[in-house]
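K.L.:
Below are the chains, spelled out letter by letter.
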Amino acid sequence: MRGHLPPFLSNATGFLPLLPLEVIARRLMSNAMAARPSFAARLGEYAGRTFAIDPVDCPFVFLIKPEGGRTDMKVVRRSVAQDHDARIAAPLVVLIGMVDGTYDGDALFFSRDLSIDGDTEAVLALRNAIENAELDPSTVLGLPKSLQGPVNRATRRLFVELRRLLDAPEENGPNSGANP
Amino acid sequence: MTTPLELVCPAGTPAGLRTAVDAGAHSVYCGYRDETNARNFPGLNFDRAEMKEAAAYTHEHGAKILIALNTFMRAGCTDLWKRGVDDAVAAGADALILADVGLVDYARKTYPKQRLHLSVQAAAATPEAIAFYRDRFGIARVVLPRVLTVEEIARLTAQAAPCETEVFVFGGLCVMAEGRCMLSSYATGKSPNMTGVCSPPSHVSYREESDALVACVGGFTVERFERGEAAGYPTLCKGRFEADGAVSHLFEDPVSLNAVELLPRLAEIGVTAFKIEGRQRGRAYISTVVRAFRKAIDTMAVGGKVDYDELRSLTEGQRDTVGAYKKAWR
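Top to bottom, those sequences are chains F and Z. For the first sequence, the positions run 1 to 180 when the working numbering is used. For the second sequence, the positions run 1001 to 1330 when the working numbering is used.
Hints may contain errors.
Here are a few chain F residues that face chain Z, going by a calculated C-beta distance under 10 Å [unchecked claim]:
1) Y46
2) T102
3) A107
4) F109
5) F110
6) G118
7) D119
8) L124
9) N128
10) A129
11) A133
The hints are simulated quantities; they were obtained by calculation from the structure and are not laboratory data. Think of the CB as a built atom: it goes at the ideal place given N, C-alpha and C, for glycine as much as any other residue.
Okay, chain Z solo, but in the shape it has when bound (with noise of 0.2 Å):
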């Protein structure tokens, strides 16, 4: 182990947020009740007195709070995003997670000595984006997307340093280019990109029928579970469609990342960071997985064996994939 590695978690309000401090979260991170934020879901969030709050209880159990600022601003209304780097650093944050250029740049130009991290909406995948948001704006971590293989996130690592690199290791996964991805715009006019949500719930139905729940987005049906069979989260990138004859996931299954068993080898590469995905997630869902991570980090650090089984039943679709880490995809 070359670096000493951070535990980032995930606090989708401030219950969840001392939920994952209390676990063993090394740092957390949040977003203001808004479309500043890539997960800008009903009832989630926080509002600008809880996440003073929030950064205050952080602070005083030893952990960071990273505030994610990471949409890109619409144009005629940049004002939103900037208040939001104001207020985000007026609170106390210890880096700001932002995606959108111009608002990089605002926050380097207004705030210099404050902490900056590359959201992965900034979907930088070379060293080339990487070392220009490094060495025009000071970036010290870049959050790299999820469709890189260990190789290719260990070349990037090395050339990005000084800039710290951040992996996803657990949670929702996302099979596209994050900041690209057009298919939740495409079905429902609102995406993460702009409005912080993909697949929003206010285009989101479900309805039993003959047995199986079927799913719809935006009027397309994207899924149709029969009994039993274990469900998914209705994004159209997870959706089972029929193509020439043949009815399957086109896409990707619906499965969740649990990278826990590439943890050593993402920290021998010099990843400083692992992040846990679910904002939008329960406590007990985030006790559980802090925990078993935290566990595991701690283990790995003596040299232990690291024991997974237990993160299983929280994953979508009952499942869990390494992702594109070892490149087992389709």
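Bound-form chain F, shown alone (with noise of 0.2 Å):
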């Protein structure tokens, strides 16, 4: 399956302990929603929604509630993973080239790299403000101005290296190599 992650490392991916990893998403979710205070209003009645975000390719998804500028977010694993307004299922390298704009969602959708079900007006607003937040490294790590561009070219390089290893849907962001 294009993208997804080999056997070995998704099995691997099953050892993690979920709190911490709740935690560190946690984390980088409210760096993400302070640097974008406009986030929630986008999403609007869809704010209150709670998401399943699933990448397919590890045992785990994220629940997120995005309400008033708060998140509430939970990592379960798939099995328990059945109360959520919405679900968006892709593999994780494909998940995040969606946040940060290497990925169409639509091109995505006609490729079946995405999956979608549950409230499509949700998932649809969700995916909007996504768009509209802009979202690089940088900022989802929360660090300071100077360090945003180093970071974030060295991160998109060891994605564009990483998609390729794993056979991803062509990049053609504004981010991407494509894209000079």
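Join the two chains, each given in its own frame, into one complex according to the hints.
P.N.:
Here you go:
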């Protein structure tokens, strides 16, 4: 499957303890929300929904409720990730590529690299809010301005290489190598 | 080439607008976050403050901003649309894209110097219709429906002058006479004409079934994508149905318009503006498509050969077509 982590790595993520993962994920989400205060406003009435962000090549699912600028996030095993309004599922590197604008959500849907179910309106609102947020790695990591350029460039190179190794969908975003 | 060419690009969000401008758009089109524009999807569009900032950004970068108020006013509730016109003019719109003849009349009378474009939603596809809008309201440009051949466009363009013509060259392909299509309304009670949404996501659902993806609109199953089969938008016009014992896409396959190979001919016949569809698409799509078309236009201007293969991965159903321009449809 294109973009999927290799089985040994995918299986290895199953041994990750969920609590530290959840703490890190909450921190990253909190950084992003703090840097983009208009995010929840763009989500509008859908900010109260619970979204399951499902990296299909990992054994866990992120349950996110981005209500009112606060972030309620849980990381749970897929087998117990039932309580959500909408689900967005794709390989991990593809989901990250949607956040940073590398990929177009519709194109991923057309190519079947991404699937959705549940509240389609909420999914669309989330996708559009993320698109408008223009998140980059340094923003999500909450880094000071002086480090942003080098970190973004290094992360960019890392993900380009990773996506190539994983045979992920072709990149075509504003930050991709296709757009000098 | 007889006229200067304008690349008109979609902007569904402020970030999308900046991406389009940075990628080389000559002008961007966008709308307010309400039912006055025909892309009224959740999380999309601009509030009043964002629109002013968007206009400033666009102008600072030497581009134009075209604000679409291209749905039809609801009886007894016309203020929303009129306020949209007022705010768009105040925001610094280079042109308003309008469909409703009453709103065109309001805009012309209230703002005599404001440049007005006629939306594709107005479905003006005859010399008589275009002449009416041009002569009565001073419409400066008409966006032509995607149901005309190149030769029909050539004749219309000649007869529309001095009103300019704008044609779609890439993106989702609406195969109906826009502004008159009732399919979405029939299935869901909502339509691009009145509420700004075709196949509104509130009425769309997907489910996995025996390894296939099943898409439903308003309770109607419109498509079943088998495993590995490229998907398309969940619209009735591109649905796959059984009729007379055969299953097929009765109206149109889920494909995207890609008329890049026709750009030289369209320019030759006097079309002024090339429009890219996709306000609902992400920055990845916008940057790639806008750069590709800007490169194509610039290449064409110096007599070079245009390459358009790079656009295919972004197309609906992963396939493209020149649509009605060559009348290759069934």
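K.L.:
If a hint holds in the structure, say so; if it does not, say that too.
P.N.:
Hint-by-hint comparison with the structure:
no., hint, verdict
1, Y46, "6 Å, holds"
2, T102, "6 Å, holds"
3, A107, "5 Å, holds"
4, F109, "6 Å, holds"
5, F110, "5 Å, holds"
6, G118, "8 Å, holds"
7, D119, "8 Å, holds"
8, L124, "5 Å, holds"
9, N128, "3 Å, holds"
10, A129, "5 Å, holds"
11, A133, "7 Å, holds"
Comparing the model with each numbered hint stated earlier shows that all of them hold.
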